[in-house]
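S.K.: As a plain string of letters, each chain reads:
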Amino acid sequence: MKKRDVSTATDSKYRPARPFNREEFDRIRRILGGKVLFVQGDSAVSYGALLAGCRFFAGYPITPATETGEVLSQLLPRVGGVCIQMEDEIASVGAIIGASRAGTKAMTATSGPGFSLMQENIGYAAMTETPCVIVDVQRSGPSTGQPTEGAQGDIMQAKWGSHGDYELIALSPSTVQECLDLTIDAFNLSEKYSIPVILLTDGIIGHMREKVVLPEFDDVEIVWRKEPTRPKDEFQPFTDDGSQIPEVAIFGEGYHTYITGLTHSESGYPATDSQPDHHRLVKRLCDKIRNNRDKIIRVQRDYSDGGAGATGIVSYGVTSRSVNSAVKTLRQEGLKVDHLRIITNWPFPEKEVDELAGRVDRIIVPELNLGQVYHCVKEAAAGKAEIVPLWKTGGEMHVPRGIVELVKGRG
Amino acid sequence: MSEPRHRLMDFVREEIMPHRFCSGCGCGTVLNAFTNAVEGIGLDSAKMVCVSGIGCSSWIPSPYFKSDTLHTTHGRPIAFATGVKVMRPDLTVVVIAGDGDVAGIGGNHLIHAARRNIDLSVFMVNNMIYGMTGGQVAPTTPAGVKTTTTPHRNVEPAFKVADLVVAAGASYVARWTTYHVFPLLESMQNAMSRKGFSFIEIMSQCPENYGRRIGLRTGIDFLRQFKEKAIRVDKARGMTEEELEDRIVIGKLCDVERPEYVTELQKVTAEQVDLLRAEKEKVD
Ligand SMILES: Cc1ncc(C[n+]2csc(CCOP(=O)(O)OP(=O)(O)O)c2C)c(N)n1
Ligand code: SF4
Ligand SMILES: [Mg+2]
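Chains A and B are the protein sequences, given in the same order.
Letter by letter, the first sequence follows residues -14 to 396 of the numbering used here.
Letter by letter, the second sequence follows residues 187 to 470 of the numbering used here.
Be careful, since some hints might not be right.
Claimed, not checked - Residues of chain B clear of chain A, computed beta-carbon distances all greater than 12 Å:
#, residue
1, PRO190
2, GLY290
3, VAL331
4, LYS332
5, ASN340
6, PRO369
7, ASP407
8, GLN411
9, PHE412
10, MET425
11, LEU430
What the hints assert, rightly or not - To list a few chain B residues with every Cβ distance to chain A over 10 Å, as calculated:
#, residue
12, MET195
13, THR335
14, GLU427
15, GLY437
Said to hold, decoys possible - DSSO-like mimics (lysine-lysine), calculated; alpha carbons at most 30 Å apart, straight line:
#, chain 1, residue 1, chain 2, residue 2
16, A, LYS20, B, LYS468
17, A, LYS363, A, LYS321
18, A, LYS369, A, LYS393
19, A, LYS363, A, LYS393
20, A, LYS313, A, LYS369
21, A, LYS20, B, LYS466
22, A, LYS321, A, LYS336
23, B, LYS413, B, LYS438
24, B, LYS453, B, LYS381
25, B, LYS466, A, LYS196
26, B, LYS466, B, LYS453
27, B, LYS233, A, LYS211
28, B, LYS381, B, LYS438
29, A, LYS196, B, LYS468
30, B, LYS233, A, LYS217
31, A, LYS273, A, LYS336
32, A, LYS20, A, LYS196
For the record, the hints were derived by calculation from the structure and aren't laboratory data.
Glycine included, C-beta positions come from ideal geometry on N, C-alpha and C.
Throw the hints in and build the complete structure from the sequences for me.
M.R.: Encoded structure:
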């Protein structure tokens, strides 16, 4: 019999999420079945997670996010990982935080009602600086809303859902390919900044089938958290080495790490009565993202050659698809449009919006809600341009015609 | 000459001692029993993960016990511990938290972890009250008792949590009190040494926020009462519900072998990995 060459969770020395090599990456690509696939957004998220090194998924079924867990329940055991269904979404986030602290890249996926339940533990992940990825396949809310319909109503919740001061990162894919690519990015960012990262897809992209090209090993970067560099007896879990990002000691390796959601000092121990400790901690939690915003934020600019009379459009996620089509029509008709597509919803690309506001007289903000990113754009533009919202709810995408007519002044 | 060092000092985070429990609180006794239990069976604290929730009892391991420690949100330690155990089955994962945490807000996680029979040891410190928040009624508070949120009287019956955990499918369940320190210690050792979901309900005292209101002002008053009310499980078997009304049934309530969750998950993983290899060999 051949010696078992594939490490599994059975092997206690196996650390599933360590940066893996080309061989492992290619093995996963083979398991996924080739280079070019035709799949749903939810599946593409699962594939991205596997390629990023995710080896633990815990979730609770909810439309339109269920397929991500179903696909991973099929595939994770095949790559030596584990996929479990928990009793609710609170437990799901708890379990992925536990798994992450145990040295595994971990993810969960849900939709609005589950995302609401997750908020307390997402705040815990932010406070304890635990890398993990949470996928929110947005559907119309509030409450149970329209389970099978897509929406963009959770943008503000993604940022402000838990109490207190913290920053996190949220990404919005607008194609199925991007569901895969941005899931890899989400893991990388969570590992790099020791932070929960939210992937904001929606019921439309989640269930849409499109062509996906699996990346080659050389095309992607796979990031693993910064592990302790100091000797065990000198190690403190929240020391700031100047980067504002702590080293992460993995459970079971003898660091006797203390992790708490209470306000803590660099030693990790509670410092709940200390104003300076609290301020230093939450300031660093925010600054490690704010100070790196240029490295984190991604947008796509599709601008005209400038000059007077251009209209700006800011879009993100599934709505960018309608805007792309509208922009094409408008340009064919000789109109000038500058389209700024937001990929990183949080931290918000204020500088980029401000720059757009300097180029145009007005900015149209189409979204599938009654005004969320509209407010961010308005704040970032600070009066330099008129901000015009284009709202839609109920589960249908924006039609390009509606955007075209608004730009032409007939909206 | 340096001061002699207590043999259990290696198991506590000396730098943050003394602890903050009120005098007479049962939490100190549980910490004492727990560190002795760990030392007694020779567990390496570097290979342990203690997970706790929010409440006074949760402070027993967190921050006082020196292992890797995850001090989670209120009610959720079992869920967090599940993620740790599934990915690191080689580590001993222990949850210590209060009755409000484990059986109140976190009751659903308790039921499902017991049903899965995941290899965790859960030590629930039942002081019959929400101690940390100042003495509000808990699901474990006896009927008739006045608390800050049942100022007239509690009309709810007390939850027999250990019995629930037996019914849910755990491998090992026991109930002891802070008076029965040595059997408690031994029971903790059994729980941590065996596979499967182990649960100990530890009847404990909160003289500060519970005792004061029911006329048990000191820890000793409670211990005296625990001693009087306790009845061994084998004796209790022949008694009626009325006879047991005001008693505390102590001892081992269940000890059975059942398939363990992480082991079963690992089997699935191994099967799938083998299947994949067989498929690959066929292609090659
Ligand atoms: C979600 C949430 N709700 C409420 C609280 C407030 N809270 C803190 S401790 C506690 C009760 C703890 O009771 P128990 O678990 O029995 O522990 P004890 O203090 O009695 O040992 C409560 C309600 C909280 N921290 N989080
Ligand atoms: S309030 Fe009660 S449970 Fe908390 S430390 Fe004091 S005596 Fe113990
Ligand atoms: Mg209590």
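S.K.: Look at each hint and say if it fits the structure.
M.R.: A quick look at each hint next to the structure:
1. Distance check on B/PRO190: its Cβ is at least 22 Å (rounded) from any Cβ of chain A, clearing the 12 Å threshold; non-interface status holds.
2. Every CB of chain A is more than 12 Å from the CB of B/GLY290 (nearest about 14 Å), matching its label as outside the interface.
3. Non-interface call for B/VAL331 relative to chain A: holds, since the shortest CB-CB distance, roughly 29 Å, exceeds 12 Å.
4. No Cβ of chain A comes within 12 Å of the Cβ of B/LYS332; the nearest lies about 30 Å off, and the non-interface call holds.
5. The claim that B/ASN340 lies off the interface holds: its Cβ sits roughly 27 Å from the closest Cβ of chain A, which is beyond the 12 Å cut-off.
6. Listed as outside the interface, B/PRO369 is consistent with that label: its C-beta sits roughly 29 Å from the nearest C-beta of chain A, beyond the 12 Å cut-off.
7. With a cut of 12 Å on Cβ distances, B/ASP407 stays outside the contact zone with chain A, its closest approach being about 30 Å.
8. The Cβ of B/GLN411 lies farther than 12 Å from every Cβ of chain A, with a closest approach of about 32 Å, so its non-interface assignment holds.
9. With a closest Cβ-Cβ approach of about 30 Å to chain A, B/PHE412 is found to remain outside the 12 Å limit, as its non-interface label requires.
10. Separation of B/MET425 from chain A is adequate, the least Cβ-Cβ distance of about 35 Å exceeding the 12 Å criterion.
11. For B/LEU430, the non-interface assignment is confirmed: its Cβ lies about 31 Å from the closest Cβ of chain A, beyond the 12 Å cut-off.
12. Distance to chain A confirms B/MET195 as a non-interface residue, since its nearest Cβ pair spans about 14 Å, more than 10 Å.
13. Every CB of chain A lies more than 10 Å from the CB of B/THR335, the least distance being 22 Å, so the non-interface label holds.
14. Even its closest Cβ contact with chain A, about 31 Å, leaves B/GLU427 beyond 10 Å, as expected for a residue assigned away from the interface.
15. Every Cβ of chain A is farther than 10 Å from the Cβ of B/GLY437; the closest lies at roughly 29 Å, confirming the non-interface assignment.
16. For the proposed pair A/LYS20 and B/LYS468, the alpha carbon gap of about 21 Å is at most 30 Å, so the pair holds.
17. Distance check on the hinted pair: A/LYS363 and A/LYS321 sit about 21 Å apart at the alpha-carbon level, within 30 Å; holds.
18. At roughly 20 Å between alpha-carbon atoms, A/LYS369 and A/LYS393 fall within 30 Å of each other, so this suggested pair holds.
19. For the given pair, A/LYS363 sits about 21 Å from A/LYS393 by alpha-carbon distance, which is consistent with the 30 Å threshold.
20. With a C-alpha separation of about 26 Å, the suggested pair A/LYS313 and A/LYS369 falls inside the 30 Å cut-off, and the hint holds.
21. With a C-alpha separation of about 17 Å, the suggested pairing of A/LYS20 with B/LYS466 holds against the 30 Å cut-off.
22. Under the criterion of a C-alpha separation no larger than 30 Å, the hint pairing A/LYS321 with A/LYS336 is consistent with the structure, at around 22 Å.
23. A threshold of 30 Å between alpha carbons decides the hint, and for B/LYS413 with B/LYS438 the separation of about 17 Å falls inside it, so the pair holds.
24. This hinted pair checks out: B/LYS453 and B/LYS381 have alpha carbons roughly 16 Å apart, not beyond 30 Å.
25. Note on B/LYS466 and A/LYS196: the hinted pairing holds, with a Cα-Cα distance of about 26 Å set against a maximum of 30 Å.
26. Our distance criterion of 30 Å between C-alpha atoms is met by B/LYS466 and B/LYS453, whose separation comes to about 20 Å.
27. Our distance criterion of 30 Å between C-alpha atoms is met by B/LYS233 and A/LYS211, whose separation comes to about 21 Å.
28. As the CA atoms of B/LYS381 and B/LYS438 are separated by approximately 16 Å, the hinted pair is consistent with the 30 Å bound.
29. Only pairs whose Cα atoms come within 30 Å are accepted, and A/LYS196 paired with B/LYS468 is accepted, the gap being roughly 29 Å.
30. Proposed proximity of B/LYS233 and A/LYS217 is supported: the alpha carbons are some 14 Å apart, at most 30 Å.
31. A C-alpha spacing of about 18 Å is found between A/LYS273 and A/LYS336, which places the hinted pair at or below 30 Å, so the restraint holds.
32. Of the supplied pair hints, the one linking A/LYS20 and A/LYS196 holds, its CA atoms being roughly 10 Å apart against a limit of 30 Å.
Hint compliance for this structure: every hint is met.
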